[in-house]
Amino acid sequence: MSHSPQPGRVIPDRLTSPAVRALKSWEALLAVVAVTIFLLNAWASPYFLDPWNLSDATFNFTEKAMIAFAMALLIVSGEIDLSVGAIVALASTAMGVAMGMGAPTPVLVAVGLATGLACGAFNGALVARFGLPSIVVTIGTMSLFRGISYIVLGDRAFTGYPASFAWFGQGYVVWVITVELVIFAISAVVFAVLLHRTSFGRTVYAIGNNATAARFSGIRVDRVRFILFLLTGLMSGIAAVCLTSRLGSTRPSIAAGFELEVVTIVVLGGVSILGGSGTIPGVVLAAFVLGLVTFGLGLLNVPGIVMSIVVGLLLIGVIAVPRLISKLRT
Amino acid sequence: MSILKSREVVLGGVILLLLAAIASRFPGFVAPANLARVFTDTSPLILLALGQMAVILTKCIDLSVAANLALCGMVAALMDGMGVPMPVILGTVVAMGAGLGAINGALVWGLGIPSIVVTLGTMTIYRGSIFLLTEGAWINAHQMSDAFKAVPRQVIGGLPVMAWIAVGAIAGVAVLMTRTPLGRAFYAVGGNPHAAVYTGISVGRTQFAAFVLAGALAGLTGYLWVARYAVAYVDIAGGFELDVVAACVIGGIAIAGGAGTVAGAVMGALFLGIIKNALPVVGISPFWQMAISGAAILAAIAFNARRQGPGRIILKRAEVRT
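Chain order of the listed sequences is C and A. Heads up, my numbering is the position in the first sequence plus 13, with the first residue counted as 1. Heads up, my numbering is the position in the second sequence plus 1111, with the first residue counted as 1.
What the hints contain is simulated information worked out from the structure, not anything from laboratory work. For glycine and all other residues, C-beta sits at the position ideal for the given N, C-alpha and C. Hints are not guaranteed to be accurate.
To be clear about the criterion: a stretch of chain A counts as covered by chain C if any three or more of its residues have a C-beta under 8 Å from a C-beta of chain C, and this derived list gives those stretches [to be verified]: (1) 1197–1203; (2) 1229–1235; (3) 1351–1365; (4) 1379–1393.
A few chain A residues that don't get close to chain C, going by computed Cβ distances all over 12 Å [as the list claims (entries may be wrong)]: (5) V1120; (6) I1241; (7) N1251; (8) Y1340.
Looking at chain A on its own, in the form it has when it is part of the complex:
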């Protein structure tokens, strides 16, 4: 009974049912090689959902992640065009993504501007900056070096590097969330900001840290995205920020902050990724994709609303006296 109460278990069950339903008509979909491909396809969504999860836990939201991804991806492609070695490119995109996240975080922390307003603004600024860098030009596959394109596709132990990076990030963020003071602070700040202040946690600094984490992951994903699809242009990952928030919501991350798990975020992303990959296989027109993911989001929040209990209580809510 208590197992059924866990969102992650229920969501895991839903994903297995979904896979079983697809497999009943198209057994090839659940072949290990295809599942590995689906996981690799979903890796960008997983990486961004992990960062977004940290931000949402602290009662904020980051609408600029997709623009951050696109800007860092474009910078990576431009650096490759100038012959910069790969390790430098990787270091730069992660640092740059973190820097862009830090701008969001600083505005939220220092000036107390609501995160939805800040990231709405930086979203358009970051994406517009790509145009300033390139004047709208595309960078195509033949303009990228082989080394640049090879990294995410390199297969190690049956999985491409891109998938391994997602696995590493899942493990890293899981440790961060459950085993470090910063992880506890994310939950504490979202669960009860006033109590967090009295226990000596800086709410603003914790939110800042969450934005930096989300930004760094977005920067890294920017390189992976551009290298894997071997093209960079202004509109890359346009509208992807909402997929990322959707993945978190489906995964049971409470939009009011303070509740949610890494497993939930990953499974929310996988759920959307499986639907996206399965539609062409089962012969449904891709035009159905948006409506289906929209219905899935609504079903997920309706389901989550029925079980109000907080995920991980770090700081208890004060008793309400009436």
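Okay, chain C solo, but in the shape it has when bound:
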């Protein structure tokens, strides 16, 4: 939104060694922050290091991070999707309706993913096909999607999902490793490969740095944007399956405020909100940091609303401090 020109992916200085560069990177800073908070948690509460407890802690970030990976690509390309929380709600509502009609678990999952894809396609079509600004489109679809959930559900809630459906949000793969954690890890790898190791990933950076130049160099900008919205919708659908399964119920207010937490994870992960730069490992670390902060504060009985102060301070502080330091140096 602010207008300072953005360097994006800066060509590194040849004179500094790769090791020094790695240490100075955003990811290194986040890793230090994550380890510090982990140690602080372990020091503050004797229950923290219990494996079952650590396993529970992962629920603080897994669902949001799944969406954050797709959102990271979207933001790198210079767009944003504020409707992800509403997509989760609508996908969850659709699964509830399907359950009411007696659908078995595989159908429920298919319905959730299909709803997510459909919502993503709707956003993508409006942004890519008609060239509308994504921040406004998705503020509109945020109300629209969640509104449809309210129309369908009113003040009721869908409960009574089949027992086999609980596996996605409550199941374990081995010992304390949850199904959600595995989905989180797989999507992290998939999106890291997609962004950093494929030509598709390079086009995403190219569009984020200069969409006009990308268009002139033969990149089908609108198609890439559409695919990115589709991916965000799909990941929101997957998150909806996990969250609905974990809670065992659907309410129209489910996943309220998710969009802002997801954007916070992405921005904290070092992705420039103006597009053109950012990495998936950064987003993974940011998810860890936020998950550890909220869980640690929870162990200390700090109320949720106070945690949000900490998260807000962290978001602004992590971005402001390096800029302040470089400003004071010059």
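Once you have looked at the hints, place chain A on chain C.
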């Protein structure tokens, strides 16, 4: 033909059609007394939309306005509980709102952090601070003094004070936008930041001013909101920031900055306000409200996108050489 090209005229026409459609089944809705009530109900949205408009004009966005409103409203209620006189409370909430806006503005101006990131952060900080002040307690009607609750409801010349404040703010911001150097600077900075710098306008300072204006209006609205509904709690006006942005978008304020009018922002807010008030009257469940306002936002931006022309050109864009 040129009249039809004006967004404000089209939007005004849409609002009249909407009113006519409602009136065809429920004539009571367009009775002057009811319209005055709808306007009063919409006053908070109008006040915030005016501030948000200034911010959006300068290519920024303020997601913290609703949290600012809630924090200032809570402080007003707490001050009333301590027996502070009304004029002091009013002065404090406006100054405090402006101060909170100045924090946003300073981070955007001084450190060049994108406004969406800054206000995403301050939104959670401001709202969390309410909890720190009160530990989550509510302040209810019986804990507020009569004078505190009376101000926005006092009827003068057929309209409550709350509505008159909105009218005053509309007039004030309209003059600011069209008759002062600062108003021109808002448009210039959003229309063409580089050219603005060369004409001697500080982009950062102008954005700072827009945030301070939005914050001051949010602070004032915080008092009005709490006093009118006679309750203050942490989640007051939760999610309202998006209604405010929606009102601006429906009103034709370009999210890319530089284009939009006070009349547009006011009518965008009125459009949402009329829908909100009319739904129960025409017998549609309030659960439809979000979906309808979402559809209205999408329709409005699709409509605005068809007419690309900038609103008010202060500094021309450079010719694109190919």
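Right, here's what the structure says about each hint:
{"no.": "1", "hint": "1197–1203", "result": "violated (count 0)"}
{"no.": "2", "hint": "1229–1235", "result": "holds (count 6)"}
{"no.": "3", "hint": "1351–1365", "result": "holds (count 4)"}
{"no.": "4", "hint": "1379–1393", "result": "violated (count 0)"}
{"no.": "5", "hint": "V1120", "result": "holds, 22 Å"}
{"no.": "6", "hint": "I1241", "result": "violated, 8 Å"}
{"no.": "7", "hint": "N1251", "result": "holds, 20 Å"}
{"no.": "8", "hint": "Y1340", "result": "holds, 20 Å"}
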